[in-house]
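*Asks:* Listed below, chain by chain, are the residues.
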Amino acid sequence: MPRPLARRTLLTAAAASGAALALAACSAPGGTAAADREPDAATPRRGGRLRALFAGGGADETLDPHRVNLFADAARAKALHDKLADWGPDLAAVPRLASGWEPGPGLDVWTVRLREAAFHDGRPVTAADVLYSYRRIADPGRAFRARASLEPIDLAASRATDPRTVEFRLNRPCAEFPNVLAAFGAYIVPEGTEDFRAPVGSGPFSFVSFEPGRSLLLRRFDGYWDGAPHIDELEILAAAEESARANALLAGQAEYAHELAPATARAHASGGRIGIVRLRNSAMQGFVMKTDRPPFDDPRVRQAFFHLVDRQELVDGALSGAGEIGNDLFGKGSQYYPAGLPQRTRDLDRARALLREAGAEGLRVTLDTSPVAAGLVEAAGILKDQAARAGVTIDVRVGNKDTYWKDILDGGVLASFRSGAMPIESHISQRLLSGSTTNATHWRRPDFDDLYTQAQSTADPAARTALYERMQRRLFDEGGLLVWGFADWIVGHAPRLHGVAADAPANTLDWARFDKVRLA
Amino acid sequence: MTATSRGWVRRRLLLGAGQIAAVPVLVFVLTEALPGDAAVVAAGDDPDPARIAALRASLRLDRPAVERFADWAGELAHGDLGRSLVGGRPVADHLAEALGPTLLLAALTLTLLVPAAVGLGLLAARREGGPLDRAVSTVTLAVYAVPEFALGVLLTGVFALWLGWLPPTAVGGIGRQPAVLVLPVVVLLARPVCSTARLVRAGLLDAMAAPYAVHALRCGVPPHRVRLGHALPNALAPVVQHLARTTEWLLCGVIVAEALFVVPGLGTVLLDAVAARDVPVVQGLAVLFGTVTVLLNLAADLAARRLAPRTEVAV
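Going down the list, the protein sequences come from chains P and G.
Residues 88 to 607 in this note's numbering are what the first sequence spells out, letter by letter.
Residues 905 to 1219 in this note's numbering are what the second sequence spells out, letter by letter.
Since the hints were derived computationally from the structure, they do not count as laboratory data.
Even glycine gets a Cβ: it sits at the ideal position worked out from N, Cα and C.
Take these hints with a grain of salt, some might be off.
[Said to hold, decoys possible] Quick look at which bits of chain G chain P covers, simulated, 3 or more residues with Cβ under 8 Å:
no.	region
1	943 to 951
2	1070 to 1084
[As the list claims (entries may be wrong)] Now the stretches of chain G that chain P is said to cover, found in silico as 3 or more residues with beta-carbon under 8 Å:
no.	region
3	954 to 961
4	995 to 1003
5	1053 to 1067
6	1138 to 1150
7	1162 to 1173
[As the list claims (entries may be wrong)] Selected chain G positions facing chain P (in silico; Cβ < 10 Å):
no.	residue
8	VAL929
9	GLY940
10	SER988
11	GLY991
12	GLY992
13	ALA1046
14	VAL1050
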């Protein structure tokens, strides 16, 4: 999932003081900027230009939708292009360019039917475009992010059975195959496209102009299959600093600002100058323990850590309260999440007893962290204090933020971790199987792999749900991932912008979706 | 220009060229020494080893460092700065795009800086220790002590968000609304005006106390003529050197002001390129910054010699 840029931490102090000032400004009498604004109650209408602010990727940005990495890339790609499916609020796949899908009896052949849709230049979207796009993504020479997600598909054997039907042959049974169709970056482009300087897609907006690192201007596509957008024009603007995004929104230079700080949200929640939308469950926050090396190769030490954390204190301290507590499992609110498991709370006696049993009293470990995302370093500091209460000494080591994720994949024993939203099945297949490529907990259990394989060849949803529950119970009891919370993603918008979806974790269908919003 | 002067300029230019050539070598070595390369950074939070290897191959980072540097130097010899590792765009395009906003900000700042600083300095030096001098000194010291980002946040809060007189950021580009330049220019101006005005004041007071000025006054030359015609040029020699430093700072990336006001200038490009380990872009910037620094210092030395030629004797 995209990594939100936490660059220029130097300026976080500036952001906080900016919010404080803005707060003062709100309470000041006669704030002209607020008085000049149109009344909130104005009725939404068709038309207008929506300016949306994201943290950009600098002058190297491209419009190649298969190269998406940052949130800004994803917002641009989804305005111009469609995927076959996308994720609903519970991270279950919902059909988009695909009108439906049917598995064969073995769950290793899937027939996907395309809906009647057209690209911006009028050409119809066909099975050939789908196969071209997927083959481009899977090209080993290109190292696209979505390539790993498409790995279950045998693209050489997959074929178009008619212009609007694709038969996907898979390397193995895959009950959750629709997740693959919704994978991050798996956009459908017209067959043969290599040049994305003026991209043609089938998305709700068509291309007008692009200045990398600054602005992308798009126009409503009247022929969009899901109904033409209400707004005439969409401009996606880049501003790396949170304070700059908040200021631009407050001063009316934009109508939508992605990724605001909790302090900004609190300052303006009731001011009426801007609307605040909290996208729940957008980023999992946790710590990874390496299960293959001391001290965490002993499950009792892992369990002791599960019991020594005060999750609410972490949410309040590291996320400024903008989030909710976790229960050591990924994907709160998602399909297959075992919400029935008891919520873990801090139990220091239990933690001490477990450490004693494991012969790990007076334990001393190094915790790797890095300012690679908001709150990571703060959470590490809080864990250090919490662990001290259970007699565990933690040495916090702050690493290089540009290379952090690679450094902690195989190095160290304990590290700060975060992840954007994805289906639980994807989380397991990418991070928790013996052959997973980004298995930061080094959780390699053949019997666990077998459960996953079994779930993937189980067609009955109830039986599959039971298997997912078994896997997650196992992780809950003795996994290597300590999940203490789920951060809200905070979006700010002008009062005259209506229809910003709240039930839309980052990267899901309704997140950063501008074809359904209206300007008053 | 005298013959000795021409020789001096030639020597300075040769030295400058050597410096410009040394900078990219140094920068290359230093960026190689940074942990991780462009492939690791590009992989981000999806550090699949196979993906990193593929990225490394596609970025041609799997070749020896010496070979990559030789390629780059060879292209530079033909006037080509190479291509960005990350986006594949020519580095020259990157620099050209970012140079516009940077030059504009620098030019505006300098245009206001020189008269403002000299004027304030003259005002303060009229009577040492007088109320005006003390007021100017207090204000310049106080403003100088405020860090840029704090001043930026303060001014944005008051003039953009509260009063609504000025746009707070330049999102989307400067061309749309020239008023977006006001706040960044004021922030950039604030500290250099103070430091330069204090230099002008100190230089003037020294010069006015010098025997030649005292003598001129005794001979009945009007004080304002002594001050403007004789003392000021001498006082300006160190000021010119200081202005060269300021110009250098303005041209080589004013990172804080650019980030705060979303000005897509050279500072932003530098920050992005270093974070992405985009070595060709960092090197292109190094060549540009090196050239600017050498030329500016040369110009400053020439101007200082012209204002107070006796330094030639002292060298």
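*Asks:* Please go over all the hints and tell whether each is borne out by the structure.
*Replies:* Going through the hints against the structure:
1. Here the region 943 to 951 of chain G counts 8 residues with a CB under 8 Å from a CB of chain P, which clears the bar of 3, and the coverage holds.
2. Counting residues of the region 1070 to 1084 of chain G whose beta carbon lies closer than 8 Å to any beta carbon of chain P gives 6, which reaches the threshold of three, so the coverage claim holds.
3. Proximity of the region 954 to 961 of chain G to chain P, defined as three or more residues with a beta carbon under 8 Å from a beta carbon of that chain, is established by the 6 residues found.
4. Three residues within the 8 Å Cβ limit are the bar, and the region 995 to 1003 of chain G against chain P gives 3, so the coverage statement holds.
5. Interface restraint, the region 1053 to 1067 of chain G with chain P: holds (12 residues with C-beta to C-beta distance below 8 Å; minimum three).
6. Counting residues of the region 1138 to 1150 of chain G whose CB falls under 8 Å from any CB of chain P gives 0; the rule of at least 3 is not met.
7. Taking a C-beta to C-beta cut-off of 8 Å, the region 1162 to 1173 of chain G contributes 7 residues in contact with chain P, enough for the three needed, and the coverage statement holds.
8. Restraint check, G/VAL929 versus chain P: the minimum CB separation of about 23 Å is more than 10 Å; hint violated.
9. This hint holds: G/GLY940 has a C-beta 3 Å from the nearest C-beta of chain P, less than the 10 Å allowed.
10. With 10 Å as the threshold, the beta carbon of G/SER988 comes within range of chain P, its nearest partner Cβ sitting at about 6 Å, so the hint holds.
11. This hint holds: G/GLY991 has a C-beta 3 Å from the nearest C-beta of chain P, less than the 10 Å allowed.
12. For the restraint placing G/GLY992 at the interface with chain P, the shortest Cβ-Cβ distance is roughly 8 Å, inside the 10 Å limit, so the hint holds.
13. The beta carbon of G/ALA1046 comes no nearer than 18 Å to any beta carbon in chain P, farther than 10 Å, and the hint placing it at the interface is violated.
14. The criterion of a C-beta within 10 Å of any C-beta in chain P is not met by G/VAL1050, whose closest approach is roughly 12 Å, and the hint is violated.
Violated hints for the displayed structure, listed by number in ascending order: 6, 8, 13, 14.
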